[in-house]
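Engineer: Residues per chain are reported as follows:
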Amino acid sequence: MTEGQRGPGSGPPEPRRSGGPGGPGAADELSGLLTRVARGDEDAYAAVYDRTSGQVLGLVLAVVRDPAQSEEVAQEVMLDLWRSASRFDPGLGSATAWVMTLAHRRAVDRVRSEQKAAQRERRVATATIEYDDVIEAVEARFERERVRRCLGSLTELQRESVTLAYYGGYTYRQVADLLGVATGTVKTRMRDGLIRLRDCLGVDQ
Amino acid sequence: MRFRGSDPHTLAGAYAMDAVSEPDRAQFERHLSRCDSCRQEVRGLREATAALATATAVEPPVALREAALRAAGQTRQMPPAATAGVPGGWGGWGGWAGRARRDGRAGGPRRRGLGYPAGWPGPGRRLGWRPRLAAALACALAAVAVAAGVMTYGMQHRLDQAQRRDLTVAAVMNASDATMMSAHVSTGGTATVVMSHRDRALVFTAADLRVLPGTEAYEIWLVGPGGTRPAGMITVARRGQMVGPMVVSGLSSGDQVGLTVEPTGGASRPTSSPVLMLPLSSS
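Chains A and B are the protein sequences, given in the same order.
So in my numbering, the last one in the first sequence is 205, and the numbering has no gaps at all.
So in my numbering, the last one in the second sequence is 488, and the numbering has no gaps at all.
Hints in this document: simulated from the structure, not taken from any laboratory.
Quick caveat: nothing in here was measured; it's all calculated off a predicted structure.
Glycine is no exception: its CB is placed at the ideal position from the N, C-alpha and C atoms.
Hints may contain errors.
Said to hold, decoys possible - Now the stretches of chain A that chain B is said to cover, found in silico as 3 or more residues with beta-carbon under 8 Å:
#1 49 to 55
#2 77 to 86
#3 100 to 111
#4 160 to 166
Said to hold, decoys possible - Not everything, but these chain A residues come out facing chain B in the computed CB check (under 7 Å):
#5 TYR45
#6 ALA62
#7 VAL147
#8 LEU157
#9 LYS187
#10 MET190
Just need the whole structure built from these sequences, with the hints factored in.
Structural biologist: Spelled out as structure tokens, the structure:
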């Protein structure tokens, strides 16, 4: 706890902020916190929790839907952050991207292992279900105008492909089934859509 | 064996969103390890997806915070990763995130039209097929009984073998986790599999397979993380002939059943593209 005891004076967590990525500099801050977490600093971990848990839970909820399960998955993600903070490499991307990649992977794991893949695919094939549902629920939750605006700049097929894959947790093959288009088309639209989104958001590359 | 092939480069977007199956992911990560510009692209696309993630933020329950901090206090951390032998340390990211998924299978390679054709029950519904397989089993046993009518000492041995096989068939079919799957064979006919992970075995039957010239036969394969293993030969001498029930043992998690056409003696590795690839249910 020697690291932690420095906390109160120098860099303890500020009050929780569960919204977006915060202002400029927030990314570097998170990156620095993760470096401290890697050394076992529990105060830094609490700060990481406060900065990321709202986004992590929100994303997991979007994909998993069931609140109880989502909390479980979010908790796994938060523990992942603690355990593997040493694996975060700022040279490979931003801290936020690293955290969200972990969270998304966990969420997708949950939905794909839950329902056996075959059943899920069958359900996708037989019911027209959810798909409006997914997009709606996601759009209802949008707090970030910028993301909404940028999503709006995509073509309809790009937007549907990206939304179903990312928030719906579907594979591109399932998305192709849902939208009734060829898998090759969906792959291309996902890539083009994300590139356009990236350029619109002006995120670092 | 290469059952599928396409330009992996277009997968960058789907990959950045985890919208890929495990085989797709593995294939694409191999591609990434050789392609600097692709790694750069994926990095940028992941930043874009992270922005998507922040758009759905919610206020987490207070209890979650307490639980997370408590869990951290009780959990040992991982040491820094040894630098993976991948340019730019890609293995750090790709490898890290990859580990979390090993348990949850994403479905393996699937082809449209295979798996559960209309009218077939999925793995969750077991009623309805047992009578059908019971009938197939009864036929097999009846054949044994006919043979028994003209039994000699030598035949007793073969009968014992047949009975052992039939007992195995019955064991797999009645396993608590028995699951049936069926798919069309691309050159004609239908294959049906009843599998049990608990027994690490499956029972293979087929009907209406295309008759092959005398120099060729169908070969069954198990295809999975453990490699591609030959699992038995099938000769179809006349149209409409029922095949099986054949017992295939040594089933591993993640296996698929493949069928190829090979020389009559069989091959140790597939020499032609499959006429059937049937993904098996996991767990």
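Engineer: Now tell me if each hint is right for this structure.
Structural biologist: Status of each hint after checking the structure:
Judged by the Cβ-Cβ criterion of 8 Å, the region 49 to 55 of chain A is covered by chain B as claimed, because 5 of its residues qualify and three suffice. Requiring three or more residues with a Cβ within less than 8 Å of a Cβ of chain B, the coverage given for the region 77 to 86 of chain A holds, as 8 such residues are present. Counting residues of the region 100 to 111 of chain A whose CB lies closer than 8 Å to any CB of chain B gives 10, which reaches the minimum of 3, so the coverage claim holds. Using a Cβ-Cβ cut-off of 8 Å, 3 residues of the region 160 to 166 of chain A lie near chain B, which meets the minimum of three, so the contact claim holds.
Taking 7 Å as the C-beta cut-off, the interface hint given for TYR45 (chain A) holds, the closest approach to chain B being about 5 Å. Hint on ALA62 (chain A) holds. Least Cβ distance to chain B is approximately 5 Å, under the 7 Å limit. Given the 7 Å rule on beta carbons, the hint for VAL147 (chain A) holds: about 4 Å separates it from the nearest Cβ of chain B. For LEU157 (chain A), the interface hint is violated, the least distance from its beta-carbon to any beta-carbon of chain B being 13 Å, above 7 Å.
Checking LYS187 (chain A) against chain B: minimum C-beta separation of about 5 Å stays under 7 Å; hint holds. For the restraint placing MET190 (chain A) at the interface with chain B, the shortest Cβ-Cβ distance is roughly 3 Å, inside the 7 Å limit, so the hint holds.
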